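Work the whole structure out from these sequences, hints included.
Protein chains in written order, with the numbering used here: chain Y, 1 to 343; chain R, 1 to 404; chain C, 1 to 252; chain V, 1 to 445.
Derived DSS-like pairs (lysine-lysine); straight-line CA-CA distance at most 30 Å:
1. Lys-121(C) / Lys-106(C)
2. Lys-327(R) / Lys-336(V)
3. Lys-338(Y) / Lys-235(R)
Covered stretches of chain V (chain Y as the covering partner; in silico rule of three or more C-beta atoms under 8 Å from a C-beta of chain Y):
4. 227-239
5. 269-279
6. 301-310
7. 325-337
8. 406-417
Rough simulated footprint, nothing fancy, chain Y against chain R, three-plus residues with beta-carbon under 8 Å:
9. 114-122
10. 131-141
11. 358-367
The hints are simulated quantities; they were obtained by calculation from the structure and are not laboratory data.
Note that this is a predicted model, so its numbers are computed, not measured.
From the three backbone atoms N, C-alpha and C, an ideal C-beta is built for every residue, glycine too.
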Amino acid sequence: MDQIILQILNGLDKGSAYALIALGLTLIFGTLGVVNFAHGALFMLGAFCTVTLSRMLSLSHEVVDETRTDFLGNPLKVDVPYLYDIFGETTGAAIIDWAVPLSILFSIPIMILIGIAMERGLIKHFYKRPHADQILVTFGLAIVLQEIIKYYFGANQIPTPAPEAFVGSFDFGAAIGFDPNAIIYPYWRIVYFFFAMTLIAGVFAFLQFTTFGMVVRAGMADRETVQLLGINIDRRFTIMFGIAAAVAGLAGVMYTPIVSPNYHMGMDFLVISFVVVVVGGMGSLPGAVLAGFVLGILESFASMREIIELLPGINQVVIYLAAILILLTRPRGLLGRKGVMED
Amino acid sequence: MLGLDKKDFTLLLIVSALVLLAPLLLNPFPEGSAMAQFNAGYPDLMQRFVIFGIFAIGFNILFGLTGYLSFGHAAFLGAGSYAGMWMLKLLSMNVIPAIIFSTLIAGAISFLIGWISLRRSGIYFSILTLAFAQMAFVLAASVLTPITGGETGLQPALSDPRILPEFLGGGSVTADGNIPKPSLFGIEMTASSEVAVGNWLWTLNWGYYLSGFMMLVAFYIAIRIFRSPFGLMLKAVKSNQQRMSYTGLNTRPYMLACFVISGMYAGLAGGLMAAMDPQVGAERMQWTASGEVVLMTILGGVGTLIGPVLGAGLIKYFENIFSKINKATLEVWFGVFPDWMTDLMVTIVYPFIGKGWHLTLGLMFMAVVIFLPGGLVEGGQKIAKLFSRKKEPETPGGEAKPAE
Amino acid sequence: MGILEVKGVGKRFGGLQALSEVNLSVKENTVHAIIGPNGAGKSTLLNCLVGKLIPDTGSVMFDGQSVLGRSPHEINQMGISRVFQTPEIFGDLTVMENVMIPCFAKRDGSFELNAISPTRKHGDIRDMAEQMLIDVNMQDKRNMQASSMSRGDKRRLEMAMCLVQKPRLLLLDEPTAGMARADTNNTIDLLKEINETRDITMAIIEHDMHVVFSLAQRITVLAQGTPLVEETPDNIKGHPKVREAYLGEAQV
Amino acid sequence: MSKLNLTRRGALKAGAAAGAGLALPTYLSAAGHAGFTNAPGDSSVTLGFNVPQTGPYADEGADELRAFELAVEHLNGGGDGGMLNTFSSKALDGTGILGRKVEYVTGDTQTKPDAARASARSMIEKDGAIMISGGSSSGVAVAVQALCQEAGVIFMAGLTHSNDTTGKDKKANGFRHFFNSYMSGAALAPILANNYGTDRKAYHLTADYNWGYTTEEAVRTSTEAMGWETVAAVKTPLAQTDFSSYIAPVLNSGADVLVLNHYGGNMVNSLTNAVQFGLRAAEANGKNFEIVVPLYSRLMAKGAGENVAGIFGSTNWHWSLPDEGSQTFTRSFGTKYGFPPSQAAHTCYVQTLLYADAVSRAGSFNPCAVAEALEGFEFDGLGNGPTLYRAEDHQCFKDVLVVKGKENPDNEFDLLEIVEVTPAAQVTYDASIFGGDLGSCNPGA
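Right under this line is the structure:
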């Protein structure tokens with residue numbers, strides 16, 4: 001029982017990451033119809049916003065400490081962050097410690113700008129081009145973005161810990177009457193789950209309850225009619241792209257303490273995010289979120305020892321197997337609309 | 001000629017000439033010169049050019065004609081390779097059984113996957129093929145290790161049976177105690193002759209010419225398919241499936257046949273890869289490998305005959321030539337300039353070569369798709385137009401473009 | 001016995017009874033029109049005839065054989081062709097290729113793996129298609145890309161693609177929708193000629209009563225999913241039930 | 001038709017500078033060449049350094065490349081000479097190899113066996129490389145080793161830790177200086193028993209591929225021999241990045257030690273996740289919960305950050321080793337590049353020197369002569385103390401380091417502290433236990 005609850009928690013946690021990435025992708029791919037292979041790169045850029053901010057906060061000057069030596073036997077140069085000089089050591093250290101949450105504010109404008117620049121500068125010209133061309137251009141862009149990051153940050157993973165306050169685990173089990181340590185879950189992952197839920201709710205509310213959202217939804221359904229009404233749908237689609245980029249970026253920002261970022265992390269998520277969007281059904285935002293959670297939970301259960309022993313390798317293939325079964329029983333995924341990217 | 005019209009026959013002749021003369025054409029720079037770095041006329045890369053050419057031609061029969069974007073074609077390449085390798089291990093080092101068996105196995109597997117995946121169209125089809133291929137990849141790399149050699153891959157070993165008689169390539173061990181090499185009735189695939197003219201050096205390699213011949217056969221069959229009623233039906237599938245069924249045509253067997261043919265091309269390519277370089281790694285089946293053939297085809301020109309081969313060549317050229325340029329090479333190239341300028345040039349160029357070859361590749365993808373919509377073939381046509389005096393009559397209605 | 005016999009056909013979409021107890025008999029070599037107000041179930045009925053939809057109840061017999069449960073391509077092979085409201089053609093292909101495809105379907109059946117023989121070597125198919133293009137007066141457009149033609153030409157092409165198969169029953173879904181008067185008259189003449197010279201039975205859905213009365217020998221009026229009357233054109237004119245159904249919508 | 005013969009290539013390369021005029025076509029025949037693949041000309045010899053330059057191991061590859069460049073510099077008499085000064089064999093004198101200037105070509109393995117072989121083949125076929133070295137995974141090492149055997153050149157493995165490389169997949173033309181899974185297990189087990197006691201219950205998470213299997217096997221066998229019990233061993237996908245669903249059940253499984261048979265990104269992520277789940281701070285069976293990482297590298301420790309503090313593992317070499325060879329190498333490398341070398345860099349540097357030395361001692365570039373010179377070769381002064389290149393499986397036997405993540409590192413390189421230097425004798429095993437067959441050396445041509 002405790003194992004099952006634990007894996008449900010895990011599934012919700014994994015699912016929230018999948019859902020968040022798929023949500024941004026489905027705004028662009030499922031609804032604007034652009035096969036965006038650069039979406040993983042946006043997720044990665046978000047994570048590197050965190051790395052950049054944390055490096056900026058830790059900008060340092062060197063102080064020579066004569067009492068210690070470095071690896072070559074010379075006097076050790078110790079880096080002292082400027083923040084220590086400005087705010088004193090305690091406050092300075094606390095600010096650096098909170099780099100990840102602070103990055104949320106830092107990354108939103110940056111990611112929106114990147115998204116808008118991407119749409120205006122590149123994607124705009126590809127709405128009417130074949131999907132094949134969209135794949136080539138966005139894949140090229142993804143590689144370029146990735147290589148730029150690699151050039152400046154290297155290929156190794158960069159540790160970006162959560163603030164001290166979120167280190168450690170919450171004992172769920174004890175709270176609901178199990179033995180201590182039976183069901184524990186790290187604070188930061190709980191934060192991630194609630195963050196994802198809030199962001200998803202925010203995007204839905206935005207599309208559902210604002211005039212802007214209504215126009216965009218109408219434009220997704222029938223772009224030409226909306227344009228005939230004299231509404232500039234292009235500009236709104238640009239903004240949607242910015243929002244999608246910001247959602248992907250925020251997913252990346254908050255993910256950094258869970259998996260230390262490297263330049264390749266976007267590609268690792270690319271395949272799974274496409275699978276989630278399509279399994280959810282093209283053109284459906286709730287579908288993408290639902291599929292994210294379904295696949296997340298399935299993956300968690302498949303990684304249980306008892307199940308792997310029963311079916312070796314199931315943990316490797318469960319997502320793909322589920323995708324195949326879902327697509328064969330439900331032709332347009334879980335909640336897909338007819339006629340979107342079916343030809 | 002050969003059942004082709006004049007234009008297609010000319011194309012086939014040109015491609016044959018290119019394949020035949022590739023060892024010369026790809027080595028335009030003399031040995032030892034600074035530009036020799038850009039020579040691509042060595043057996044391994046030439047083999048890769050034609051083998052990936054076969055893979056891309058086959059993929060294009062599916063994607064170019066029917067518009068069905070398979071994102072799992074690498075599974076057939078990998079299956080073909082494993083099948084071929086098992087033939088090399090069990091039967092003989094003769095490449096013929098390996099090539100035949102790999103094509104058949106890939107055909108059988110693509111029949112199964114196609115039969116299921118073709119129930120859906122568009123992006124749903126793409127994801128189904130992707131899912132099958134990814135399953136094949138992860139299983140091959142882990143639980144199927146006894147069959148596939150896992151992540152390390154499958155290679156011939158001294159202990160393999162190779163049951164056929166010696167003159168057919170059988171036998172576990174050579175006289176000098178080594179693993180025999182893949183061969184064609186005694187001619188080893190690595191055997192080469194070298195021709196030196198001045199400082200130019202050309203390597204004529206048996207393996208390359210066998211692969212090149214197979215590519216020509218594959219190319220020829222592809223032309224025939226493009227020009228056949230079957231090819232016409234596949235174009236009809238791409239254009240309007242609804243009309244097709246109301247015209248009394250069953251799209252399913254057409255699609256399935258096309259998928260299987262395409263899968264067999266991939267299997268042939270896989271078998272040849274195993275025969276040229278006896279080692280099969282699971283990553284041959286990964287989605288990145290499936291994506292690579294998609295990119296090759298788009299880069300060269302979807303639905304064109306020669307485009308996929310050009311796309312395959314370009315990507316493999318970048319992967320193998322640009323990745324090998326290092327800082328020391330650059331310093332030699334720019335060494336003629338004053339020191340400060342050498343440093344400057346090296347600093348500017350360095351991010352794009354060696355470990356930065358991905359960056360150059362990404363930029364090239366973007367440049368091609370932005371400036372040459374329709375791929376390299378279209379670029380070639382544009383250049384040809386610039387040079388031809390004859391002005392094409394403008395047809396406002398749009399004459400249907402022949403699939404070139 | 002008609003060539004097409006529809007008996008007691010019913011079809012339900014969720015809460016909506018789109019068709020109920022539809023009976024229809026189309027006699028060989030006649031033109032039979034199906035009319036009715038919007039939402040009367042005309043298109044649903046047509047879709048049931050060609051295998052796009054499967055009715056919940058009843059039977060559809062074509063030339064003594066049931067079409068129910070057969071897929072569209074099988075029904076076409078039985079001899080039923082369909083012209084759509086918006087022309088369904090192979091837009092990426094040339095006009096000639098568009099006409100050759102149904103020729104292959106007629107000659108080789110629903111699937112034939114002709115993967116190696118060059119298309120241009122199939123002289124019989126070429127001749128068939130060539131003749132058809134002459135018949136519909138499109139031979140000068142044979143190398144044009146189909147999607148680049150005018151709507152009228154596209155419809156003519158679609159008609160040619162159906163006729164070249166020499167169907168026994170041709171189903172037409174509003175063949176003159178959106179046409180100018182002159183084109184409509186041309187179409188009427190074309191269809192008349194087809195009916196008379198080629199022995200092709202036609203069932204036609206049409207809003208334009210001018211077309212209906214110029215062509216049809218029998219008319220079925222459909223309202224709310226059930227046939228109201230089946231009569232000759234003369235008897236339909238001024239039929240009280242029909243007036244009631246159209247509520248003045250008809251341009252009689 | 002002659003067989004593959006690239007002897008002329010080297011000569012052409014060397015002669016090109018002189019600018020020979022247009023000659024008539026020359027058809028080369030099998031007769032009249034040196035009898036082995038890519039025999040170098042009189043003035044220079046080309047080595048091929050095949051390292052991951054793209055993909056997740058690109059940083060490790062870059063470090064290997066630095067080491068190769070340094071080795072070439074030292075072989076050609078440049079720099080401070082590095083370990084040439086401490087190496088027990090004195091055959092090398094800074095004049096290249098057998099009087100030929102050492103040149104090199106580089107390539108990208110992408111950490112994929114296929115790409116690595118393509119790259120190595122181009123070095124052999126196009127550039128005339130006579131030795132291939134480098135690499136950062138066992139899959140790549142096994143694939144390239146087989147290629148070198150087939151082509152008739154020497155392969156000096158870079159970082160490869162699986163037993164297979166010199167076990168079931170060993171080849172006569174291939175040599176490994178790096179240690180392996182078996183040695184890790186043998187070195188770690190006693191230290192673990194000393195620190196954590198002999199009645200521990202272990203939970204293994206194992207990367208689902210060949211290296212993971214051999215490492216799990218090695219650690220299990222050696223810890224179980226010390227009295228530990230293995231509660232469970234779960235395989236994790238190689239591509240996994242978030243290990244939460246594998247880590248979550250550990251604490252409640254009855255185990256009190258978690259062994260992470262992961263390398264590279266897998267290890268960084270699983271360790272980070274494990275610490276996040278509070279395993280470091282937890283107690284189980286009345287003992288402190290512990291984590292063990294069988295194979296450590298400094299670059300991985302850097303990626304995992306402060307999570308490595310106090311965690312045991314083994315490593316081939318570390319820059320803080322006090323012996324003269326290690327210190328000399330760290331100094332030359334650090335002076336040139338500004339940071340200390342990684343274990344991957346060390347093994348690549350040493351392999352290059354060992355190859356050059358073997359050629360010099362053999363007096364020939366012929367792979368069979370070189371192999372003979374390396375087989376059974378005993379040396380010292382290259383770090384890790386006295387070392388034997390065992391003839392039976394071409395595996396080096398030397399001291400293995402057991403290390404622990406530092407609690408309070410002084411600087412960003414000072415991440416591991418050496419707990420114990422396990423003597424070579426303790427990790428030596430019988431050459432036949434992993435099966436496989438060396439075959440006979442292949443000079444190619």
